[in-house]
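A.B. asks: Going line by line, the protein sequences match chains A and B.
With the UniProt record's numbering applied, the first sequence corresponds to residues 1 to 338, in that order.
With the UniProt record's numbering applied, the second sequence corresponds to residues 1 to 338, in that order.
Calculated directly from the structure, the hints in this document are not laboratory data.
Careful: at least some of the hints might be erroneous.
Same chains, same label: a pair holds when it works inside one copy or across any pair of copies.
The list that follows gives simulated cross-link-like pairs (lysine-lysine, BS3-like), each with its CA atoms no further than 30 Å apart [what the hints assert, rightly or not]: (1) Lys-269 x Lys-148; (2) Lys-159 x Lys-121; (3) Lys-248 x Lys-196; (4) Lys-130 x Lys-157; (5) Lys-248 x Lys-130; (6) Lys-146 x Lys-269; (7) Lys-165 x Lys-269; (8) Lys-130 x Lys-159; (9) Lys-146 x Lys-159; (10) Lys-148 x Lys-248; (11) Lys-157 x Lys-248; (12) Lys-157 x Lys-194; (13) Lys-248 x Lys-194; (14) Lys-165 x Lys-248; (15) Lys-269 x Lys-121; (16) Lys-159 x Lys-269; (17) Lys-248 x Lys-146.
The structure presented is a predicted model; accordingly, all values stated were derived computationally and were not measured.
Protein chains: 2
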Amino acid sequence: MHRTYSLRNQRIPTASQIQNPPPPPSTTKSRFFGKASIASTFRKNAAGNFGPDLARKLSQLVSTEKGVLRSLEVVAYERRAAARQLSLWGADNDDDVSDVTDKLGVLIFELGELQDQFIDKYDQYRVTLKSIRNIEASVQPTRNRKEKVTDEIAHLKYKDPHSPKIPVLEQELVRAEAESLVAEAQLSNITREKMKAAYNYQFDSMRELAEKFALIAGYGKALLELLDDSPVTPGETRPAYDGYDASKQIIMDAEAALEAWTLDAAAVKPTLSFHQTVDDVYDDLDEEDDQMVPEGEWVEEEEIVEEIPEEEEDDGQGEEEEVEEESEQQHYDDHHVE
Amino acid sequence: MHRTYSLRNQRIPTASQIQNPPPPPSTTKSRFFGKASIASTFRKNAAGNFGPDLARKLSQLVSTEKGVLRSLEVVAYERRAAARQLSLWGADNDDDVSDVTDKLGVLIFELGELQDQFIDKYDQYRVTLKSIRNIEASVQPTRNRKEKVTDEIAHLKYKDPHSPKIPVLEQELVRAEAESLVAEAQLSNITREKMKAAYNYQFDSMRELAEKFALIAGYGKALLELLDDSPVTPGETRPAYDGYDASKQIIMDAEAALEAWTLDAAAVKPTLSFHQTVDDVYDDLDEEDDQMVPEGEWVEEEEIVEEIPEEEEDDGQGEEEEVEEESEQQHYDDHHVE
Numbered sequence: 001m002h003r004t005y006s007l008r009n010q011r012i013p014t015a016s017q018i019q020n021p022p023p024p025p026s027t028t029k030s031r032f033f034g035k036a037s038i039a040s041t042f043r044k045n046a047a048g049n050f051g052p053d054l055a056r057k058l059s060q061l062v063s064t065e066k067g068v069l070r071s072l073e074v075v076a077y078e079r080r081a082a083a084r085q086l087s088l089w090g091a092d093n094d095d096d097v098s099d100v101t102d103k104l105g106v107l108i109f110e111l112g113e114l115q116d117q118f119i120d121k122y123d124q125y126r127v128t129l130k131s132i133r134n135i136e137a138s139v140q141p142t143r144n145r146k147e148k149v150t151d152e153i154a155h156l157k158y159k160d161p162h163s164p165k166i167p168v169l170e171q172e173l174v175r176a177e178a179e180s181l182v183a184e185a186q187l188s189n190i191t192r193e194k195m196k197a198a199y200n201y202q203f204d205s206m207r208e209l210a211e212k213f214a215l216i217a218g219y220g221k222a223l224l225e226l227l228d229d230s231p232v233t234p235g236e237t238r239p240a241y242d243g244y245d246a247s248k249q250i251i252m253d254a255e256a257a258l259e260a261w262t263l264d265a266a267a268v269k270p271t272l273s274f275h276q277t278v279d280d281v282y283d284d285l286d287e288e289d290d291q292m293v294p295e296g297e298w299v300e301e302e303e304i305v306e307e308i309p310e311e312e313e314d315d316g317q318g319e320e321e322e323v324e325e326e327s328e329q330q331h332y333d334d335h336h337v338e
Numbered sequence: 001m002h003r004t005y006s007l008r009n010q011r012i013p014t015a016s017q018i019q020n021p022p023p024p025p026s027t028t029k030s031r032f033f034g035k036a037s038i039a040s041t042f043r044k045n046a047a048g049n050f051g052p053d054l055a056r057k058l059s060q061l062v063s064t065e066k067g068v069l070r071s072l073e074v075v076a077y078e079r080r081a082a083a084r085q086l087s088l089w090g091a092d093n094d095d096d097v098s099d100v101t102d103k104l105g106v107l108i109f110e111l112g113e114l115q116d117q118f119i120d121k122y123d124q125y126r127v128t129l130k131s132i133r134n135i136e137a138s139v140q141p142t143r144n145r146k147e148k149v150t151d152e153i154a155h156l157k158y159k160d161p162h163s164p165k166i167p168v169l170e171q172e173l174v175r176a177e178a179e180s181l182v183a184e185a186q187l188s189n190i191t192r193e194k195m196k197a198a199y200n201y202q203f204d205s206m207r208e209l210a211e212k213f214a215l216i217a218g219y220g221k222a223l224l225e226l227l228d229d230s231p232v233t234p235g236e237t238r239p240a241y242d243g244y245d246a247s248k249q250i251i252m253d254a255e256a257a258l259e260a261w262t263l264d265a266a267a268v269k270p271t272l273s274f275h276q277t278v279d280d281v282y283d284d285l286d287e288e289d290d291q292m293v294p295e296g297e298w299v300e301e302e303e304i305v306e307e308i309p310e311e312e313e314d315d316g317q318g319e320e321e322e323v324e325e326e327s328e329q330q331h332y333d334d335h336h337v338e
């Protein structure tokens with residue numbers, strides 16, 4: 001990860017990186033293909049050239065996300081093709097290979113289907129970003145108007161300080177400023193509301209997709225155990241395959257696990273090393289983890305907490321948020337009867 | 001998931017599906033773009049047209065996986081572009097939006113980097129599939145030779161039953177059959193060994209990528225909590241942003257969590273509803289889960305077990321595998337000092 005913790009600064013190599021330069025870039029990646037398509041390059045460049053200044057950068061992001069979406073569609077499509085071909089290849093082989101490849105095909109096909117569902121949600125995230133872009137575009141004229149009137153007044157005051165137009169323009173400026181204040185407040189509120197909604201939605205969909213992929217990979221590994229990989233000598237015949245019930249059961253278990261999955265039952269949980277902030281919701285998770293951590297690591301965590309005392313002593317904010325967090329906590333507990 | 005549990009059979013609609021036909025396909029997906037590229041369509045068709053018959057189907061799969069790989073590269077590339085654009089857009093905004101978008105950019109950029117690592121591993125899986133294709137291609141000539149000699153003998157016996165060539169050819173057939181026996185045993189052994197290795201490798205890489213994506217999504221959600229989304233009235237200024245330490249800490253926590261992740265510490269685990277098979281390794285996981293399941297669900301699981309008594313009574317095979325599984329179990333316990 002970027003050592004500077006920002007994408008805006010150039011990454012400065014550390015002493016150890018200078019001593020041990022990073023390995024050369026992967027040779028398995030094509031230098032000419034596999035980069036952004038011509039269409040997406042054009043789309044990205046074109047997006048910034050039209051529309052109000054204020055909305056240009058976000059327009060580019062919205063366009064790039066369209067590219068992510070389209071490439072994800074290709075991946076999903078090709079995954080399903082690969083699943084079918086795996087199943088067809090296996091059909092010509094012995095019973096065990098045939099059954100396992102067919103069932104693996106079902107699981108890999110499901111990866112493609114899940115990815116398609118994720119793509120629909122990713123599009124929803126993109127649409128929410130667009131609504132920020134739209135408010136940005138609509139705020140631009142009010143900024144322009146205020147600026148224009150201010151310029152006109154300055155120009156008149158220099159050319160003809162006693163012009164009767166000046167009071168009229170000054171009244172117009174007051175109105176423009178009032179409109180601008182409202183517009184900027186709307187921009188500020190909607191940007192935050194929509195940004196939070198868009199990325200929360202994206203991250204929730206990502207958690208769902210990721211955990212379901214991890215589940216499928218686990219069931220796939222269980223299927224592979226049914227493969228009889230003990231070597232045979234020439235002329236020896238393998239014992240008859242009797243894994244049909246087991247392989248079908250694995251697929252049924254996988255199906256049940258995928259259907260039962262909810263965000264509340266998510267297995268992967270981030271651990272945060274500070275408390276008493278708006279993220280109190282993670283507190284109890286931290287404590288649960290601490291009980292399992294051997295002594296050495298626990299000492300390390302205490303040190304991190306001491307490094308950021310501002311967070312620890314920020315009692316005022318923490319208490320303000322506690323009521324809200326408690327209700328979230330109860331909601332969480334409702335789903336975890338343990 | 002496919003109700004027939006096979007990719008080879010056409011899916012037969014159930015009574016309820018006929019009554020309630022499925023919703024029309026998603027409208028967010030392009031009908032003309034986003035499908036397989038022209039290059040990958042050509043690659044796929046071309047792959048099956050050359051080389052020995054036996055290796056054709058697997059050649060197609062290997063080519064399709066190349067397409068998956070290339071599309072994944074595009075996704076990774078565009079994800080990183082999106083991360084940079086998000087960070088740049090945020091830089092023009094207020095302090096809180098600016099800091100949170102920059103840090104979100106760092107996390108999303110990391111998604112692209114992780115995906116690149118996955119792509120290298122996916123290529124390794126593809127290379128392993130290729131080695132099955134190669135043994136298939138090398139076995140084809142021995143099959144052809146055996147067939148050719150058999151045909152020649154049959155032809156001669158019909159045309160000239162007393163030809164002195166027949167005993168010579170019969171001796172050649174014995175040699176060809178011996179060679180073929182060895183080749184077929186090699187094919188059988190290598191196919192299973194490599195297939196198991198290839199898909200185990202793919203599924204392990206997938207679990208790693210998926211759990212790391214889920215982790216990043218969790219930290220991303222924590223970052224969003226730092227955004228001050230309480231609405232302001234026109235003219236009101238927002239309180240100064242003081243989340244710099246918290247956001248940096250979240251990135252550091254995310255980095256630490258990603259670095260600490262190992263397959264042994266994987267959080268997402270499949271639960272299988274049968275025991276006493278080669279998959280005994282999952283037994284203890286099931287039992288751990290059962291302790292947390294409320295009574296209602298537990299009854300349901302017992303019913304599933306009763307439905308497949310063949311698996312439950314398969315004692316012989318289970319005991320054979322126990323020694324091997326126990327050593328794996330110890331390996332597992334070594335990493336979980338709790």
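A.B. asks: Now, for every hint given, state plainly whether the structure supports it.
C.D. replies: Going through the hints against the structure:
no.: 1; hint: Lys-269 x Lys-148; verdict: neither (52 Å within a copy, 63 Å between copies)
no.: 2; hint: Lys-159 x Lys-121; verdict: neither (58 Å within a copy, 72 Å between copies)
no.: 3; hint: Lys-248 x Lys-196; verdict: between (42 Å within a copy, 18 Å between copies)
no.: 4; hint: Lys-130 x Lys-157; verdict: neither (42 Å within a copy, 80 Å between copies)
no.: 5; hint: Lys-248 x Lys-130; verdict: between (45 Å within a copy, 28 Å between copies)
no.: 6; hint: Lys-146 x Lys-269; verdict: neither (48 Å within a copy, 60 Å between copies)
no.: 7; hint: Lys-165 x Lys-269; verdict: neither (65 Å within a copy, 76 Å between copies)
no.: 8; hint: Lys-130 x Lys-159; verdict: neither (44 Å within a copy, 81 Å between copies)
no.: 9; hint: Lys-146 x Lys-159; verdict: within (20 Å within a copy, 105 Å between copies)
no.: 10; hint: Lys-148 x Lys-248; verdict: neither (72 Å within a copy, 41 Å between copies)
no.: 11; hint: Lys-157 x Lys-248; verdict: neither (86 Å within a copy, 49 Å between copies)
no.: 12; hint: Lys-157 x Lys-194; verdict: neither (43 Å within a copy, 84 Å between copies)
no.: 13; hint: Lys-248 x Lys-194; verdict: between (44 Å within a copy, 23 Å between copies)
no.: 14; hint: Lys-165 x Lys-248; verdict: neither (85 Å within a copy, 53 Å between copies)
no.: 15; hint: Lys-269 x Lys-121; verdict: both (21 Å within a copy, 25 Å between copies)
no.: 16; hint: Lys-159 x Lys-269; verdict: neither (67 Å within a copy, 78 Å between copies)
no.: 17; hint: Lys-248 x Lys-146; verdict: neither (69 Å within a copy, 38 Å between copies)
The structure fails to meet hints 1, 2, 4, 6, 7, 8, 10, 11, 12, 14, 16 and 17 from the earlier list, while all remaining hints are met.
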